[in-house]
Each structure stands twice: as C-alpha cells, then as structure tokens.
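A.B. asks: Model the full structure from these sequences, guided by the hints.
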Amino acid sequence: MIVIRVFVLFLMLSSHVVADVCATDDNGVELCLPGPAQRIVTLSPGATELAFAAGAGEQVIAVVDYSDYPPEAEMLPNVGSHTRIDLEALVALKPDLVVTWVSGNPVEQVTMLNQLGMATFAIEPRTFEGVSSVLERLASLAGTESEGYAEAARFRQGIAALAKQYRGREPVRVFYQVWDQPLMTINDEHLIGKVISLCGGQNIFGEMARLVPRIGPEDVLAGDPEAILSGGTDEDGNSYTSLERWREFGAMAAVAADNLFIIPASPISRPTPRLLEGARTICEKLDVARAQLQKQ
1 MIVIRVFVLF LMLSSHVVAD VCATDDNGVE LCLPGPAQRI VTLSPGATEL AFAAGAGEQV
61 IAVVDYSDYP PEAEMLPNVG SHTRIDLEAL VALKPDLVVT WVSGNPVEQV TMLNQLGMAT
121 FAIEPRTFEG VSSVLERLAS LAGTESEGYA EAARFRQGIA ALAKQYRGRE PVRVFYQVWD
181 QPLMTINDEH LIGKVISLCG GQNIFGEMAR LVPRIGPEDV LAGDPEAILS GGTDEDGNSY
241 TSLERWREFG AMAAVAADNL FIIPASPISR PTPRLLEGAR TICEKLDVAR AQLQKQ
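Going by the working numbering, the sequence shown wraps up at 296, each residue one higher than the last.
The hints are simulated quantities; they were obtained by calculation from the structure and are not laboratory data. Values in this document were obtained by computation on a predicted structure and should not be read as measured data. Treat the hints with care, as some may be off.
Stated by the list, open to error - No farther apart than 25 Å at their CA atoms in a straight line, the calculated lysine to any residue pairs in the SDA-like style are these:
(1) Lys94 / Asp20
(2) Lys94 / Thr83
(3) Lys94 / Asn114
(4) Lys164 / Asp287
(5) Lys194 / Arg210
(6) Lys295 / Glu170
(7) Lys164 / Asp188
(8) Lys295 / Ser197
(9) Lys164 / Cys283
Stated by the list, open to error - The calculated label-pair distances, taken between Cβ atoms and stated as ranges, are:
(10) Tyr66 / Glu108: 17 to 25 Å
(11) Glu88 / Glu284: 42 to 50 Å
(12) Asn114 / Asp224: 44 to 52 Å
(13) Glu129 / Ser81: 22 to 30 Å
(14) Ser81 / Pro34: 28 to 36 Å
(15) Pro34 / Arg245: 50 to 58 Å
(16) Gln296 / Glu72: 45 to 53 Å
(17) Gln157 / Pro217: 35 to 43 Å
(18) Gly35 / Pro171: 48 to 56 Å
(19) Glu108 / Ala163: 39 to 47 Å
(20) Asp65 / Thr127: 24 to 32 Å
Glycine is no exception: its CB is placed at the ideal position from the N, C-alpha and C atoms.
C.D. replies: This is how it looks when you write it as structure tokens:
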C-alpha cells in the first residue's frame with residue numbers, strides 16, 4: 001500500500017512539473033504552452049503595456065513601433081509596426097509566445113505566424129473587465145500570476161471607485177474627437193465611450209453603428225455638445241490635434257462655456273491599466289465642464 005501511495009504521489013508531482021500552461025484568447029482559441037513563456041514578442045503598444053503590467057516585462061524580448069510605455073520597452077528590439085510586421089526578424093528571435101492584436105495586426109501575417117508554428121495569443125479588450133481579464137491571462141501564460149492578478153484587482157477597484165464617485169452626476173453632452181482630418185469619433189461600445197458614460201457624460205454619437213465612425217462638422221453642430229474632448233497630446237505634452245476649429249461656432253454650448261479639452265492620448269486610447277488614469281482625467285474635465293455650464 002505504501003509503495004502504491006508513493007507511486008501515485010510521484011505521478012502527481014510529475015504531472016504538475018510538465019503540466020501545460022493554458023489560457024483562452026479573445027478569439028476564443030485556447031493556447032497551451034509547455035511551461036511559462038520566457039521569450040515574449042508583443043505586436044501592439046497596448047500588448048506591450050499589458051505584458052509589463054502583468055509582471056512579464058523581463059520576458060518581453062521584442063516589440064513594435066510606438067511601444068513607448070513603460071520607458072524600458074523603448075530599449076527592446078523592434079519587429080516592425082503593428083500593421084507591417086517584420087516576420088523574418090520576429091521568427092529569428094525564436095519567441096515562445098507572440099501576443100497579437102485582433103483588429104490591428106494583418107490577418108495574413110498572423111496566419112503565417114501560426115503556420116510557422118508560433119504560439120500566438122490574440123487580445124482585444126473592449127470592456128473594463130476585459131482589461132483585467134487580459135492581465136490575468138497573460139500573467140498565467142508568463143507564470144507571473146502574483147503580479148498580474150494584483151494589477152487586475154487594482155484596476156477593477158479603481159474603476160469601481162470612479163463609478164461610485166461619479167454616479168448621479170449631472171449629465172453632460174460630450175463629443176469626443178479622435179481625429180480632425182478626417183473628423184472621427186467613437187460610439188458607446190468603444191472603451192472611451194464607456195469611460196465617458198462612467199463619468200456621467202452622454203456621448204452624442206454613442207448610438208452610431210461603427211466603433212470609430214467618420215462624421216461631418218454639421219453632425220457635431222446638430223448634437224450641440226456641452227463639452228468637447230480629444231486625446232491629442234503625447235507624453236511630453238506636444239499636441240498633434242486641434243479643437244480650435246470649433247471656436248468659430250460660438251452658439252455651440254461647449255464653445256460658449258469654453259469646454260474644449262485636449263488630454264494625453266495614450267492613457268485613454270490604449271486598453272491597459274493606464275486607462276484608469278485616462279478615465280480620471282476625463283471625469284475631472286467633465287466636472288470642470290459642469291461648473292462652467294452652471295456659470296452661464
């Protein structure tokens with residue numbers, strides 16, 4: 001009996017040692033690795049941030065253009081852009097995990113990686129919970145559960161705190177300008193749209209079908225927003241978009257109240273834990289907008 005128990009214990013320990021590390025990606029595909037990933041390549045700036053936030057920064061060996069956060073990511077080898085991946089350079093690095101972007105990476109290039117036997121894991125967080133979930137799944141694949149799960153919990157708690165703080169605030173009609181040439185915005189299904197709702201804003205283009213629709217100036221005028229926001233500055237505060245065009249429309253509520261706000265772009269535009277920072281900024285700007293509307 002003792003011999004049998006020892007043998008069973010040996011089998012349990014052996015199976016634990018060689019057990020696969022598995023997680024399901026945002027395409028619904030389960031990926032199993034023979035052990036925690038040690039050589040990770042990320043194919044979007046957001047994926048880079050998420051990998052580092054999940055505690056796997058030391059395992060990231062290459063990134064794509066504009067992977068500028070955290071700062072140490074800028075020092076890593078580059079394998080092209082998220083829309084044009086240098087497959088030869090990527091394959092030569094022999095990664096054991098490639099984190100892809102569902103809607104941002106060329107499908108044919110990701111397909112090629114799969115055909116070459118690369119372990120790919122597709123991500124596309126579209127909700128607050130999606131951000132936390134990706135952190136946990138990446139942490140599981142990298143063997144950094146302690147860091148990744150803690151960061152996911154911190155993000156959940158931060159979003160919940162903002163929701164509680166801004167619940168019941170006076171609604172503010174909001175236009176969020178993604179780009180000015182051509183003029184583009186977001187709907188309520190976009191993460192930025194969800195942030196606006198969280199802060200008590202009402203997105204005037206929230207019900208549009210496309211996630212990032214093109215619109216005309218006349219559409220904005222018809223919506224008469226009370227606040228206009230744009231993620232149009234880089235980490236150094238340099239502006240690459242403008243809201244000045246709207247100042248000629250003095251009858252618009254946002255212009256009359258001087259509620260035109262340009263905010264840092266990457267914290268609000270990337271689905272990463274820094275979205276919490278971007279959400280706080282938008283909530284604060286909408287509070288400023290409320291105060292200025294009351295003065296009129």
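A.B. asks: Next step is simple, just say for each hint if it's right about the structure.
C.D. replies: Hint check:
| no. | hint | result |
| --- | --- | --- |
| 1 | Lys94 / Asp20 | holds, 19 Å |
| 2 | Lys94 / Thr83 | holds, 21 Å |
| 3 | Lys94 / Asn114 | holds, 13 Å |
| 4 | Lys164 / Asp287 | holds, 15 Å |
| 5 | Lys194 / Arg210 | holds, 15 Å |
| 6 | Lys295 / Glu170 | holds, 14 Å |
| 7 | Lys164 / Asp188 | holds, 20 Å |
| 8 | Lys295 / Ser197 | holds, 23 Å |
| 9 | Lys164 / Cys283 | holds, 12 Å |
| 10 | Tyr66 / Glu108: 17 to 25 Å | holds, 22 Å |
| 11 | Glu88 / Glu284: 42 to 50 Å | holds, 46 Å |
| 12 | Asn114 / Asp224: 44 to 52 Å | holds, 49 Å |
| 13 | Glu129 / Ser81: 22 to 30 Å | holds, 29 Å |
| 14 | Ser81 / Pro34: 28 to 36 Å | holds, 30 Å |
| 15 | Pro34 / Arg245: 50 to 58 Å | holds, 55 Å |
| 16 | Gln296 / Glu72: 45 to 53 Å | holds, 47 Å |
| 17 | Gln157 / Pro217: 35 to 43 Å | holds, 40 Å |
| 18 | Gly35 / Pro171: 48 to 56 Å | holds, 51 Å |
| 19 | Glu108 / Ala163: 39 to 47 Å | holds, 40 Å |
| 20 | Asp65 / Thr127: 24 to 32 Å | holds, 26 Å |
In this structure, none of the earlier numbered hints is contradicted; all agree with it.
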